[in-house]
Amino acid sequence: MPDYEAVIGLEVHVQLKTRSKIFCGCPTTFGAEPNTSVCPVCLGLPGSLPVLNETALRYSILTGIMLGSTISSFSKFDRKNYFYPDLPKNYQISQYDLPLCVGGELEIEFEGKRKRIGITRVHLEEDAGKLVHAEVEGEDSGVDFNRTGVPLLEIVSEPEISSPEEAFAYLKGLKLTLQYLGVSDCDMEKGSLRCDANVSVRPRGEKLLGVKVEVKNMNSFRAVQKALAYEIERQNRAIAEGQRIVQETRLWEAESEMTHPMRSKEEAHDYRYFPEPDLVPVMVDHALQEVLRASLPEAPLKRRDRLVAQYALPEYDVEVLTSERELADYFEACVTAGAEPKAASNLIMGEMLRLLKERALTLEGCKITPKHIVEILALVSSGAITGTTGKEVFAEMFETGKRPGEIVHSGGLAQISDQAELDRLADEVIAKNTKSVEDYRSGKAKAIGFLVGQVMKATKGKANPQMVNEILKKKLEKDSSKR
Amino acid sequence: MDLIDLTVSEAAQLIRKRETSSHDLVRACLDRIRAVDATVGAFVDVYEKDALSEAHAADNRIAEGGAARALEGVPVAVKDNLCVTGRPVTCSSKILKGFIAPYTATVIERLREAGAILIGRTNMDEFAMGSSTETSCYGLTRNPWDTGRVPGGSSGGSVAAVAAREAPASLGSDTGGSIRQPAALCGVAGLKPTYGYVSRYGLVAFASSLDQIGPIARSVRDIAVLLEIIGGHDPRDSTSVKRPAENLVSSLGGKIENLRIGVPKEYFVEGMDPEVKEAIRAALEKMQSAGATIVDVSLPHTEYAVATYYVIATAEASSNLARYDGVQYGYRAPHPTDLLDMYQRTKSEGFGAEVKRRIMLGTYVLSSGYYDAYYLKAQKVRTLLKKDFEDAFKLCDVIATPASPTAAFKVGEKVADPLQMYLSDIFTISVNLAGVPAISVPCGFTSNTLPIGLQLIGRHFGEGTLLKVAHAYESMTDWHKKQPKV
Ligand SMILES: [Zn+2]
Numbered sequence: 003m004p005d006y007e008a009v010i011g012l013e014v015h016v017q018l019k020t021r022s023k024i025f026c027g028c029p030t031t032f033g034a035e036p037n038t039s040v041c042p043v044c045l046g047l048p049g050s051l052p053v054l055n056e057t058a059l060r061y062s063i064l065t066g067i068m069l070g071s072t073i074s075s076f077s078k079f080d081r082k083n084y085f086y087p088d089l090p091k092n093y094q095i096s097q098y099d100l101p102l103c104v105g106g107e108l109e110i111e112f113e114g115k116r117k118r119i120g121i122t123r124v125h126l127e128e129d130a131g132k133l134v135h136a137e138v139e140g141e142d143s144g145v146d147f148n149r150t151g152v153p154l155l156e157i158v159s160e161p162e163i164s165s166p167e168e169a170f171a172y173l174k175g176l177k178l179t180l181q182y183l184g185v186s187d188c189d190m191e192k193g194s195l196r197c198d199a200n201v202s203v204r205p206r207g208e209k210l211l212g213v214k215v216e217v218k219n220m221n222s223f224r225a226v227q228k229a230l231a232y233e234i235e236r237q238n239r240a241i242a243e244g245q246r247i248v249q250e251t252r253l254w255e256a257e258s259e260m261t262h263p264m265r266s267k268e269e270a271h272d273y274r275y276f277p278e279p280d281l282v283p284v285m286v287d288h289a290l291q292e293v294l295r296a297s298l299p300e301a302p303l304k305r306r307d308r309l310v311a312q313y314a315l316p317e318y319d320v321e322v323l324t325s326e327r328e329l330a331d332y333f334e335a336c337v338t339a340g341a342e343p344k345a346a347s348n349l350i351m352g353e354m355l356r357l358l359k360e361r362a363l364t365l366e367g368c369k370i371t372p373k374h375i376v377e378i379l380a381l382v383s384s385g386a387i388t389g390t391t392g393k394e395v396f397a398e399m400f401e402t403g404k405r406p407g408e409i410v411h412s413g414g415l416a417q418i419s420d421q422a423e424l425d426r427l428a429d430e431v432i433a434k435n436t437k438s439v440e441d442y443r444s445g446k447a448k449a450i451g452f453l454v455g456q457v458m459k460a461t462k463g464k465a466n467p468q469m470v471n472e473i474l475k476k477k478l479e480k481d482s483s484k485r
Numbered sequence: 172m173d174l175i176d177l178t179v180s181e182a183a184q185l186i187r188k189r190e191t192s193s194h195d196l197v198r199a200c201l202d203r204i205r206a207v208d209a210t211v212g213a214f215v216d217v218y219e220k221d222a223l224s225e226a227h228a229a230d231n232r233i234a235e236g237g238a239a240r241a242l243e244g245v246p247v248a249v250k251d252n253l254c255v256t257g258r259p260v261t262c263s264s265k266i267l268k269g270f271i272a273p274y275t276a277t278v279i280e281r282l283r284e285a286g287a288i289l290i291g292r293t294n295m296d297e298f299a300m301g302s303s304t305e306t307s308c309y310g311l312t313r314n315p316w317d318t319g320r321v322p323g324g325s326s327g328g329s330v331a332a333v334a335a336r337e338a339p340a341s342l343g344s345d346t347g348g349s350i351r352q353p354a355a356l357c358g359v360a361g362l363k364p365t366y367g368y369v370s371r372y373g374l375v376a377f378a379s380s381l382d383q384i385g386p387i388a389r390s391v392r393d394i395a396v397l398l399e400i401i402g403g404h405d406p407r408d409s410t411s412v413k414r415p416a417e418n419l420v421s422s423l424g425g426k427i428e429n430l431r432i433g434v435p436k437e438y439f440v441e442g443m444d445p446e447v448k449e450a451i452r453a454a455l456e457k458m459q460s461a462g463a464t465i466v467d468v469s470l471p472h473t474e475y476a477v478a479t480y481y482v483i484a485t486a487e488a489s490s491n492l493a494r495y496d497g498v499q500y501g502y503r504a505p506h507p508t509d510l511l512d513m514y515q516r517t518k519s520e521g522f523g524a525e526v527k528r529r530i531m532l533g534t535y536v537l538s539s540g541y542y543d544a545y546y547l548k549a550q551k552v553r554t555l556l557k558k559d560f561e562d563a564f565k566l567c568d569v570i571a572t573p574a575s576p577t578a579a580f581k582v583g584e585k586v587a588d589p590l591q592m593y594l595s596d597i598f599t600i601s602v603n604l605a606g607v608p609a610i611s612v613p614c615g616f617t618s619n620t621l622p623i624g625l626q627l628i629g630r631h632f633g634e635g636t637l638l639k640v641a642h643a644y645e646s647m648t649d650w651h652k653k654q655p656k657v
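Quick note, the sequences are listed as chains A and B, same order. Numbered per this note's numbering, the first sequence spans residues 3 to 485. Numbered per this note's numbering, the second sequence spans residues 172 to 657.
Because the hints were derived from the structure by calculation, they are not lab data. The structure presented is a predicted model; accordingly, all values stated were derived computationally and were not measured. Note that CB positions come from ideal geometry on N, CA and C, so glycine has one too.
Under the rule of at most 27 Å between Cα atoms (straight-line distance), these lysine-lysine pairs were calculated in the DSSO-like manner:
hint, chain 1, residue 1, chain 2, residue 2
1, A, LYS78, B, LYS413
2, A, LYS78, B, LYS557
3, A, LYS132, A, LYS19
4, B, LYS548, B, LYS527
5, B, LYS551, A, LYS78
6, B, LYS265, B, LYS220
7, B, LYS188, B, LYS220
8, B, LYS652, B, LYS457
9, A, LYS78, B, LYS548
10, A, LYS459, A, LYS475
11, A, LYS192, A, LYS228
12, B, LYS558, A, LYS78
13, A, LYS117, A, LYS304
14, A, LYS117, A, LYS214
15, A, LYS393, A, LYS448
Calculated Cβ distances over 12 Å to all of chain A for the following chain B residues:
hint, residue
16, THR191
17, ALA228
18, LEU311
19, GLU399
20, PHE439
21, VAL440
22, GLN459
23, SER460
24, ALA587
25, PHE616
26, ARG630
27, HIS631
All chains should be modelled from the sequences, with the hints used to inform the complete structure.
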């Protein structure tokens with residue numbers, strides 16, 4: 003049997019983070035009581051008309067520019083006609099032959115290598131409602147129209163993804179890009195990102211595409227990866243057994259971890275697309291494009307490369323720091339304010355992220371400003387406080403938002419660097435810990451660590467550890483020479 | 172003089188001067204409705220109680236010296252496809268029976284802001300699909316000039332109400348002639364504005380790219396008064412056009428000397444009713460005598476208009492009417508066994524034959540494999556039709572044609588023959604496809620005393636000139652003063 007390779011294209015739908023819906027003024031808030039965020043327009047009541055949300059349009063163009071698409075100077079909306087109870091007009095306003103953005107690519111990182119995945123098109127459309135099935139058999143089912151009319155951006159990739167793992171990397175990269183743009187939360191659990199896949203297999207080296215199967219109903223990035231792996235395996239096996247692959251839509255079932263064909267009745271659609279007469283064509287002029295281009299953030303991978311080069315940080319640090327645009331912004335604000343890059347990175351990646359995670363908070367609500375970071379790093383590096391005290395100060399700063407200097411002052415947390423005081427403490431520790439002293443003298447150099455720890459403990463971590471170390475060494479050596 | 176004979180402008184002035192009261196006028200209209208509407212059948216709903224109390228309030232405002240608005244205390248009837256909060260709106264279809272509008276159409280809001288009082292909603296062809304008002308689920312509306320004949324359609328109720336003096340004015344909608352053709356058949360004035368002149372927000376859609384709401388009245392002045400009020404950009408309708416406000420009423424009365432009136436040869440074809448032809452010829456002569464120049468123009472793609480219209484209008488309708496499925500509102504077939512059964516029975520029981528015919532036609536022309544041959548081709552012809560008008564308007568300022576090839580036909584005469592019925596709109600359809608404005612004004616009678624309508628077509632957003640010419644013609648004739656027998 004020849005070696006087969008998979009060819010994957012992804013269709014991703016993301017909900018745009020606009021305040022109101024795409025064609026009406028209803029809020030897009032998630033989790034409201036059923037049918038409370040609705041109006042005549044999104045309910046498709048007789049006589050109502052859609053009016054395009056300008057923010058949704060801007061977000062779409064921004065995304066297109068970020069992906070390097072060509073922004074259509076003339077595009078239009080079309081009606082996609084099909085009957086389903088979650089679709090109040092029984093047509094969806096979408097874009098058919100003249101999408102807002104055409105072409106482009108997304109750079110992704112996969113197994114340490116960079117790869118560009120082509121983007122076919124990006125278009126804007128409205129979301130449908132949600133069926134609420136009867137909990138008791140025999141009772142009526144209902145429809146919740148809160149989600150109806152939430153703006154969706156459909157991003158279609160070229161069939162250039164070659165493995166389930168690469169598909170996962172593409173989704174991660176796309177999500178990060180959209181989050182950087184601030185146009186979507188891309189939260190698959192809240193349904194703000196949905197993904198369908200087209201999969202086919204062909205003998206390696208073959209140019210023509212195999213028969214493509216559409217896979218739907220995957221509710222996490224991992225599910226996409228698993229479903230693709232299953233589907234590729236299924237197709238390879240079918241071919242090995244001499245069967246033909248049928249063009250069809252299959253649904254991923256998370257429980258059985260298998261894909262099953264969708265009933266043919268459900269997919270036999272002729273959508274009868276035609277231009278939406280209730281909306282005027284969308285004209286995007288050059289000026290608007292330029293305004294939006296100027297507001298474009300740096301792409302996540304570009305930022306990673308720059309941070310490595312500019313601040314001489316390890317790859318790992320940068321990957322963590324760029325995992326959210328806000329975090330990278332925060333880090334760079336600290337450096338701009340005067341922090342040493344690696345020290346700032348350590349503090350942010352360590353204490354900061356730990357505390358944020360512990361309290362389930364985001365950077366947005368964080369009380370510590372970049373100036374605070376600069377100050378606390380300076381306090382530690384100048385020896386005014388010890389590293390241990392630094393952690394304590396940081397924790398208090400996190401809670402109260404007070405300046406580190408103020409916390410050190412009011413808490414009496416300054417580092418003890420007084421020679422006489424440290425001499426006295428060293429003598430006490432040496433006197434009390436004869437076993438360790440013996441160990442050190444008998445050549446166990448490590449034993450000094452314990453003694454230093456004892457001094458630190460006695461001072462609640464405020465003693466200058468370097469000084470304590472030196473003082474203890476001197477005392478122990480002097481004593482031994484006396485002997 | 173009888174209050175029911177007052178035009179909108181006259182009534183508003185008398186009420187303002189307290190020479191009559193809104194209450195008396197509304198009462199007179201309600202009495203008239205009571206007396207004749209059992210025969211005419213213009214109304215499907217009369218808002219007696221509310222209209223009287225609003226009239227009372229209007230009279231009080233005026234008595235208290237409040238600044239009277241343009242339509243203060245004047246009753247207006249509206250077609251059954253315009254939404255008014257708390258009122259049923261059904262498009263005279265069983266499928267919308269029981270549906271109460273939760274919001275108000277922009278045109279209604281504007282009428283009310285101008286002080287108008289809604290007196291009732293009027294009968295129509297189901298979903299505005301028809302030219303005779305015979306497809307309504309409520310039954311017939313009859314022509315006040317001859318109750319054995321149709322009033323035209325689809326705004327037959329709105330037009331008959333005005334012709335029969337049940338209301339001084341009304342609103343209708345015009346997708347292919349639904350205001351102008353019945354206005355011609357009932358001897359009143361009716362205008363289809365430029366597409367985008369009037370907001371469609373709250374007008375239950377038939378064919379979105381063709382639908383316009385327009386006024387129906389017994390004088391061109393009233394048409395101008397009403398259009399000024401209901402027209403203008405509405406942020407809730409993306410297709411309504413932003414333009415500076417126009418003073419249509421004050422530009423009436425000007426001379427039409429030096430204005431060129433185009434006569435398209437394609438509209439004077441063989442087989443046209445000779446009495447209609449003669450009336451139009453006489454009207455042209457009249458305008459010529461007032462100083463206008465008559466010029467020959469050509470609208471070469473006219474012969475494709477009806478076919479083009481029935482592709483585009485039905486395609487849009489098939490999609491617009493998809494929402495009537497029994498899920499959220501309106502009629503739902505009893506005891507559906509499953510979703511598909513609910514869809515199928517709701518639609519087959521809820522829609523009438525003509526609506527079903529058009530939904531099927533529209534679904535067909537949009538189907539994969541047929542789209543290019545029908546819908547796309549029709550869009551191309553539509554562009555050519557628009558260009559026809561642009562070219563013609565290089566040679567003239569207004570185009571004059573008959574509004575309907577015949578006067579009112581008999582009830583039932585064309586019901587069995589949809590193609591014959593579709594041809595009733597042969598002179599009005601191109602105007603909707605091109606998006607230009609047109610008005611029908613009375614221009615004579617047949618030997619059977621049936622009204623004949625003159626259609627005047629204006630340039631894109633050329634309502635000012637159009638109304639000026641229509642008004643000039645009207646002031647030279649008294650056709651509009653003739654009253655039906657009913
Ligand atoms: Zn809404």
